[in-house]
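Novice: Chains as they are written, first to last, in my numbering: chain A, 1 to 288; chain B, 1 to 450.
Read the hints as simulated data drawn from the structure, not as lab findings.
This one's a predicted model, so the numbers in the text were calculated from it and none came from an experiment.
Beta carbons: idealized from backbone N, C-alpha and C, even for Gly.
Some hints here could point you the wrong way.
To be verified - In silico BS3-like links for lysine-lysine, alpha-carbon gap of 30 angstroms or less:
1) B/K417 - A/K163
2) B/K27 - B/K66
3) A/K168 - A/K105
4) A/K45 - A/K163
5) A/K45 - A/K161
6) B/K417 - A/K149
7) A/K161 - B/K417
8) A/K161 - A/K105
9) B/K447 - B/K336
10) A/K45 - A/K218
11) A/K88 - A/K105
12) A/K105 - B/K66
As the list claims (entries may be wrong) - Residues of chain B clear of chain A, computed beta-carbon distances all greater than 10 angstroms:
13) R17
14) V33
15) Q35
16) D68
17) I118
18) E321
19) G352
20) V386
21) R412
22) E435
23) G449
The residues making up each chain are set out below.
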Amino acid sequence: MRERRETMSETSTGIGTSNGHGATGTPMFQIENLHASIEDKEILKGVDLTIGQGEVHALMGPNGSGKSTLAYVIAGHPSYEVTEGSVKFFGEDILEWSPEERAQKGLFLAFQYPTVIPGVSMANFLRMAVTNVRNARAEAEVAAGGEAKPMTPREFRRLMKEKMAMLKMDDAFATRYLNEGFSGGEKKRAEILQMALLEPRMAVLDETDSGLDIDALKVVSEGVNALAGPGMGVLLITHYQRLLNFIKPQHVHIMMAGRVVQSGGPELAHELEAKGYEGLRAQVGAAV
Amino acid sequence: MSATTIDTMAALTGFSREAVEELSRLKGEPNWVRQQRLAAWAVYEALPFPQRTDEEWRRTDLRALKLDRLRPFQGFGLDGHVPAALADPTDAAATVTAGDLNAGVVVQQDARTLRTEIAPEAAAQGVIFTDLDTAFRDHGDLIRQHFMTKAVPSDFGKFEALHAALWQGGSFLYVPAGVTVELPFRAFVRATEAGGSVFSHTLAVLEEGAEAFLVDAYGSPSLDGQGFTSAVVEHVLAADAKLRYVQVQDWGRNVWSFMTERSLLADDATLNSLHVTLGARFSKSSIAARLQGKNSLAEMLGIYFGDGDQFFDHHTWQLHESPYTTSDLEFKGALKGSARSVYSGLIKVSEGAQKTDAYQQNRNLVLSRTARADSIPNLEIGANDVRCTHGATISQVEEEHLFYLQARGVPRTEAQKLIVEGFFRPVIDRIPVEEIQGFLESAIARKVGI
């Protein structure tokens, strides 16, 4: 386990340095020995995972293996208690940060089940989110001696329209209440729209493919592919190999019983497809 | 007014026949008005004080209300200047009343009318919008016909009888048949002294096919001594008349406020009402629409937001007395601090009121552990071919909602604000008047921020 982590760290260090972000030798995103519980029940039992800048990683695993818990813990959900380990983002420990701070610093979680918030219009919510995230970023840039330009309402509207067009979303979307009455596909598109507007440096997509028909899956994947790249690393959480036909990860990890039990290249997903989780479980042994 | 008069008034505390006579004398009223007041006083004396065994008062604790320490009326000694709040609105009620676009304005401070205006175009069409004293003097016939005779009779209840004996100021709107006035008529009632009482009256009479928009706003600074107000609102809508009515209660935190409103709707009449309850220490509103004519429609909306130790009590009645009548009620409230609210609503369908369509919804958002909301919806149905739906909810801001917004970079306090605004949004969106929408948005934001 230790060896594998070191290998991946080297990969990420290389990319990170070439982009001028982070201290030399510091991976963009690094989870070490993460343990987390909900209501005293331990779900994460020592997760190790490292993602280099701009890399796309897939995290696969059977139901109940802790994938969504990991996503929530990364985003800072208050119901989960981290009992051990660390999560570092550009070398900084994020576990002490509030959920909003994490978002403002460039972490993004696309929810598996986006929340319906009645009475809050999509446009109003997006403006508020974008304003908060951009203001925080601008402050950081000013603190670093750079310049900050606040976004005008006109610029925001133009940007929103542009991103909605990219995701083939109707203009009327903006006036609807947040996720209220949205179909499964609309909810997932709305999540990717938020990602597109917030421009995170690291995005965790939790089962973004679930509940999508093939057309919606294509649109959503195109959206993710357009954004993924040197500026944004991605952790794709998925139960099925299907999504990986559309979004190509460089690394694949298998999670079981609260730990990452195997990591590899894209071929691992195919192997999994062939053997199934049961076959893999037998292979990695009784520990899980 | 002479200084002597003011001294006399200062000496008067508690409500008495003597106080009724004194008020009538100070106003220089004709005998019939004085007699009307005294008759109401006799009713007030004869009626028992509301008991907690009465259903309507079961959840209302009046023990802290000290009627005997209050001055029955006040303000005759003032110089008649327009309250500062109108020029420089600091309270919510003033904001609503200070709009530039008016068909008419009546401003009352304590027991006195300070300003009465009507747009010349409206007056030219026979519209009357004036203070009640002027109405009693110049439009006696209309007053005799409508003032506390049908909608809220003077023997309606203890506080209504007291109101009939001691009414002061108030406003009278009369729209002749077929006349439509789009701009709002605004009445603003302000109380400026602690330990005083304000009895303001609203009487709106719309003749056949008339249309109008009336805004009532009540406001005062928060003072140290207890204040008392008992308002009565009467709407009389003839066939095919349409009234949009907005009432904003933003009394100071020392005020005990009682308000009784009854609307009478004839055939095809439409009432769209909105009650906004923000202020007072104690606020009890009794609001009813009597759908007396077939095909009449009442939309009754309410927004309340309590904080600190405020107590709000809303009782509503959707009274379907004729066939083919429709009522649609939506009252929404948020409570924070140690605020408490009681909502109790009755849909009553009379025998023979077939094809009634009635809807009643009360939703409450409780924002703190120490706040509390009670909701008691009721149905009483005497006809067999009707559709009646009602529902009540009391909920809290969900942690999942906060987390979702926070995960998008919105700070927790902002997220809470967004959720509370969203909670009220559907009601706000039902009022097709931009000015009122803007007012509600800022009033809610102000309350969230307290």
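Novice: Now look at each hint and say whether the structure bears it out.
Specialist: Results of checking the hints against the structure:
1. Between B/K417 and A/K163 the alpha-carbon distance is near 27 angstroms, which keeps this suggested pair within the 30 angstroms criterion.
2. In summary, the hint linking B/K27 to B/K66 is supported, as the alpha carbons are separated by about 26 angstroms, within the 30 angstroms threshold.
3. A threshold of 30 angstroms between alpha carbons decides the hint, and for A/K168 with A/K105 the separation of about 28 angstroms falls inside it, so the pair holds.
4. Taken as a hint, the A/K45 and A/K163 pair is broken in the structure, with Cα atoms around 39 angstroms apart against an allowance of 30 angstroms.
5. Note on A/K45 and A/K161: the hinted pairing is violated, with a Cα-Cα distance of about 43 angstroms set against a maximum of 30 angstroms.
6. Distance restraint check for B/K417 and A/K149: the Cα-Cα separation of roughly 26 angstroms lies within the 30 angstroms cut-off, and the hinted pair is therefore satisfied.
7. With a C-alpha separation of about 26 angstroms, the suggested pair A/K161 and B/K417 falls inside the 30 angstroms cut-off, and the hint holds.
8. At most 30 angstroms may separate the alpha-carbon atoms for a hinted pair to count; A/K161 and A/K105 meet this at roughly 24 angstroms.
9. For the given pair, B/K447 sits about 9 angstroms from B/K336 by alpha-carbon distance, which is consistent with the 30 angstroms threshold.
10. Using a Cα cut-off of 30 angstroms, the hinted pair A/K45 and A/K218 is violated, with the two alpha carbons roughly 34 angstroms apart.
11. This hinted pair checks out: A/K88 and A/K105 have alpha carbons roughly 12 angstroms apart, not beyond 30 angstroms.
12. With a C-alpha separation of about 57 angstroms, the suggested pairing of A/K105 with B/K66 is violated against the 30 angstroms cut-off.
13. The Cβ of B/R17 lies farther than 10 angstroms from every Cβ of chain A, with a closest approach of about 52 angstroms, so its non-interface assignment holds.
14. Every CB of chain A is more than 10 angstroms from the CB of B/V33 (nearest about 48 angstroms), matching its label as outside the interface.
15. Distance to chain A confirms B/Q35 as a non-interface residue, since its nearest Cβ pair spans about 53 angstroms, more than 10 angstroms.
16. With 10 angstroms as the threshold on Cβ separation, the claim that B/D68 sits away from chain A holds: the shortest Cβ distance comes to roughly 46 angstroms.
17. The claim that B/I118 lies off the interface holds: its Cβ sits roughly 38 angstroms from the closest Cβ of chain A, which is beyond the 10 angstroms cut-off.
18. Every C-beta of chain A lies more than 10 angstroms from that of B/E321, the closest at about 34 angstroms, which supports listing it as non-interface.
19. Every CB of chain A lies more than 10 angstroms from the CB of B/G352, the least distance being 38 angstroms, so the non-interface label holds.
20. Annotated as non-interface, B/V386 keeps its C-beta farther than 10 angstroms from every C-beta of chain A; the closest such distance is 29 angstroms.
21. The beta carbon of B/R412 is not kept farther than 10 angstroms from every beta carbon of chain A, the shortest such distance being approximately 7 angstroms.
22. Consistency note on B/E435: stated as away from chain A, and its beta-carbon is indeed over 10 angstroms from all of that chain's, at 20 angstroms minimum.
23. At roughly 16 angstroms from the closest C-beta of chain A, the C-beta of B/G449 stays outside 10 angstroms, upholding its exclusion from the interface.
Comparing the model with each earlier hint shows violations of hints 4, 5, 10, 12 and 21; every other hint is respected.
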